[in-house]
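> Each chain is listed here by its residues.
There are 2 protein chains.
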Amino acid sequence: MRQLMLGQRLAQELDVELMGSGGFALEQLMELAGLSVACAIAAVWPVATRLLVVCGPGNNGGDGLVAARHLLHFGYHPTVLYPKAPKDSGTGIFYKNLLTQLEKIDVPVLDTTPETLSKDNYDVVVDAVFGFSFSPSGGIRAPFDVVMDRMKTTELPIASIDIPSGWDVEKGDEAGDGLRPAMLVSLTAPKLCAAHFTGEHHFLGGRFLPPNMREKYNLTDLPPFEGTAQCVRLESDVCRI
Amino acid sequence: MRQLMLGQRLAQELDVELMGSGGFALEQLMELAGLSVACAIAAVWPVATRLLVVCGPGNNGGDGLVAARHLLHFGYHPTVLYPKAPKDSGTGIFYKNLLTQLEKIDVPVLDTTPETLSKDNYDVVVDAVFGFSFSPSGGIRAPFDVVMDRMKTTELPIASIDIPSGWDVEKGDEAGDGLRPAMLVSLTAPKLCAAHFTGEHHFLGGRFLPPNMREKYNLTDLPPFEGTAQCVRLESDVCRI
Numbered sequence: 001m002r003q004l005m006l007g008q009r010l011a012q013e014l015d016v017e018l019m020g021s022g023g024f025a026l027e028q029l030m031e032l033a034g035l036s037v038a039c040a041i042a043a044v045w046p047v048a049t050r051l052l053v054v055c056g057p058g059n060n061g062g063d064g065l066v067a068a069r070h071l072l073h074f075g076y077h078p079t080v081l082y083p084k085a086p087k088d089s090g091t092g093i094f095y096k097n098l099l100t101q102l103e104k105i106d107v108p109v110l111d112t113t114p115e116t117l118s119k120d121n122y123d124v125v126v127d128a129v130f131g132f133s134f135s136p137s138g139g140i141r142a143p144f145d146v147v148m149d150r151m152k153t154t155e156l157p158i159a160s161i162d163i164p165s166g167w168d169v170e171k172g173d174e175a176g177d178g179l180r181p182a183m184l185v186s187l188t189a190p191k192l193c194a195a196h197f198t199g200e201h202h203f204l205g206g207r208f209l210p211p212n213m214r215e216k217y218n219l220t221d222l223p224p225f226e227g228t229a230q231c232v233r234l235e236s237d238v239c240r241i
Numbered sequence: 001m002r003q004l005m006l007g008q009r010l011a012q013e014l015d016v017e018l019m020g021s022g023g024f025a026l027e028q029l030m031e032l033a034g035l036s037v038a039c040a041i042a043a044v045w046p047v048a049t050r051l052l053v054v055c056g057p058g059n060n061g062g063d064g065l066v067a068a069r070h071l072l073h074f075g076y077h078p079t080v081l082y083p084k085a086p087k088d089s090g091t092g093i094f095y096k097n098l099l100t101q102l103e104k105i106d107v108p109v110l111d112t113t114p115e116t117l118s119k120d121n122y123d124v125v126v127d128a129v130f131g132f133s134f135s136p137s138g139g140i141r142a143p144f145d146v147v148m149d150r151m152k153t154t155e156l157p158i159a160s161i162d163i164p165s166g167w168d169v170e171k172g173d174e175a176g177d178g179l180r181p182a183m184l185v186s187l188t189a190p191k192l193c194a195a196h197f198t199g200e201h202h203f204l205g206g207r208f209l210p211p212n213m214r215e216k217y218n219l220t221d222l223p224p225f226e227g228t229a230q231c232v233r234l235e236s237d238v239c240r241i
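Those protein sequences? They're chains A and B, same order as listed.
Anchor point for the first sequence: position 211 equals 211 in the UniProt record's numbering, and the numbering is continuous, going up by one each time.
Anchor point for the second sequence: position 75 equals 75 in the UniProt record's numbering, and the numbering is continuous, going up by one each time.
Accuracy of the hints is not assured; some may be wrong.
Note: identical chains are not told apart, hence a pair may lie in one copy or across any two.
Each computed EDC-like pair below joins lysine to aspartate or glutamate, with the alpha-carbon atoms no more than 16 Å apart [claimed, not checked]:
no., residue 1, residue 2
1, K104, D15
2, K152, E235
3, K96, D111
4, K216, E17
5, K104, E215
6, K171, E200
7, K104, E17
8, K84, D111
Quick caveat, the hints were computed from the structure, so don't treat them as lab data.
Can you make the complete structure from the sequences, with help from the hints?
So this is what it looks like as structure tokens:
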């Protein structure tokens, strides 16, 4: 059977395998994931687009920080919103360093949500708040409740990294009042919620999955990356179930 | 004055600055450097080219290991020669993990130099032996003496990462009996020895230098990277002095 999407458990297993027996460091995978997100955004919106990159406290937010850096190098105008300060230990130190890298290239980093998200200040919102570890059962807590509310009502197009934030990783937006992103960049493989994505632009990024893992996780029917590209556009019928 | 090349001291300073106050991890920079090398090679040789990637004991060798991984994903046939086993501490652990990543995608890793480097077994040799920390005054020690000798006499084209191995970082091949690479991929900026490079293909890779560092190190006249490309071809007159 053709299986092109991963459930939450398999997505976590794949991640653990890459960084365990696969020998990858988080710094490597996040660099490639964030770069692929930047490349996908560059395939949709023109240079000099003003982007608000909203970053959550985990790895999805880290992908956003990396993407913002590459987008600056590509000629875009990113602003980062990082509402929750990283910890002084563990992965928090890496996130702090990612923020330092942004400061060094003069990317503005905000810690409070702008009053309005409109065409007056930005063109696109990049949603890097929650990833495939998120569960909507716990609700969305401060300080992310404010920005999630504003993202739900903004007139601006939203580009979500891996998961539209707030969605159930497998069932999508069950309550029906969640984000409606115009773009989704799935990393390594679409998660099951991608079947409910109805936006215009769906890309696959994260070009680092070993061929034998593609087989093991039944992902061999995903479209191949072309040449040296770090992302590939997915047709809208790829993730229907 | 237009200054497009770095001496050994400035190259080391730039590296220290990126990983010090710049906040970068070696894992990030090496991932981007290696990726840019793979992209440059893909701009010159067609898919399925058989590559022997000869990796030294330091960061230049690490760039080679990363490049080999991306080249496999791009459809090339890399074999890695890693003559000196990495240590069990410090950066050695990272190099071991880079080797693990290659084993997981079935890239052959050799520890002894093939008897011949010819069209019978390979199409191109990627030279990732020594980088900008090398000094020829110490001579080339085992186990790299054997492979360096074979690289000097091979009929195959050589693609050097950052520095043609064995060259003086600033003065080039003073003895006149060193490598004559067909390709050079300079990382972040050409080093002074690039003025003596006479091969056909010169690329700039390592797209991560903050704009203010480009100014500080007088590198603003280097050609810009286009779009989302991780490398850019340098014209042959860029590095004449």
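> All hints, please: hold or fail.
Hints, verified against the model:
1. In this assembly of identical chains, K104 and D15 lie within 16 Å of each other by CA distance solely across copies; the values are 15 Å between and 30 Å within a copy.
2. For a Cα distance limit of 16 Å, the shortest separation of K152 from E235 qualifies neither inside one copy, at 25 Å, nor across copies, at 49 Å.
3. Within a single copy, K96 and D111 get their C-alpha atoms as close as 13 Å, which meets the 16 Å cut-off; across copies the closest is 39 Å, which misses it.
4. For the homomeric pair K216 and E17, the shortest alpha-carbon distance inside one copy (11 Å) is at most 16 Å, but the shortest distance between copies (42 Å) is not.
5. Taking identical chains as interchangeable, the C-alpha atoms of K104 and E215 lie at most 16 Å apart only when they sit on different chains, with a minimum of 13 Å there against 41 Å within one chain.
6. For a Cα distance limit of 16 Å, the shortest separation of K171 from E200 qualifies neither inside one copy, at 20 Å, nor across copies, at 54 Å.
7. Within a single copy, K104 and E17 get their C-alpha atoms only as close as 33 Å, which misses the 16 Å cut-off; across copies the closest is 11 Å, which meets it.
8. Taking the shortest alpha-carbon separations for K84 and D111, only the intra-copy value of 7 Å comes in at or below 16 Å, while the best inter-copy value is 47 Å.
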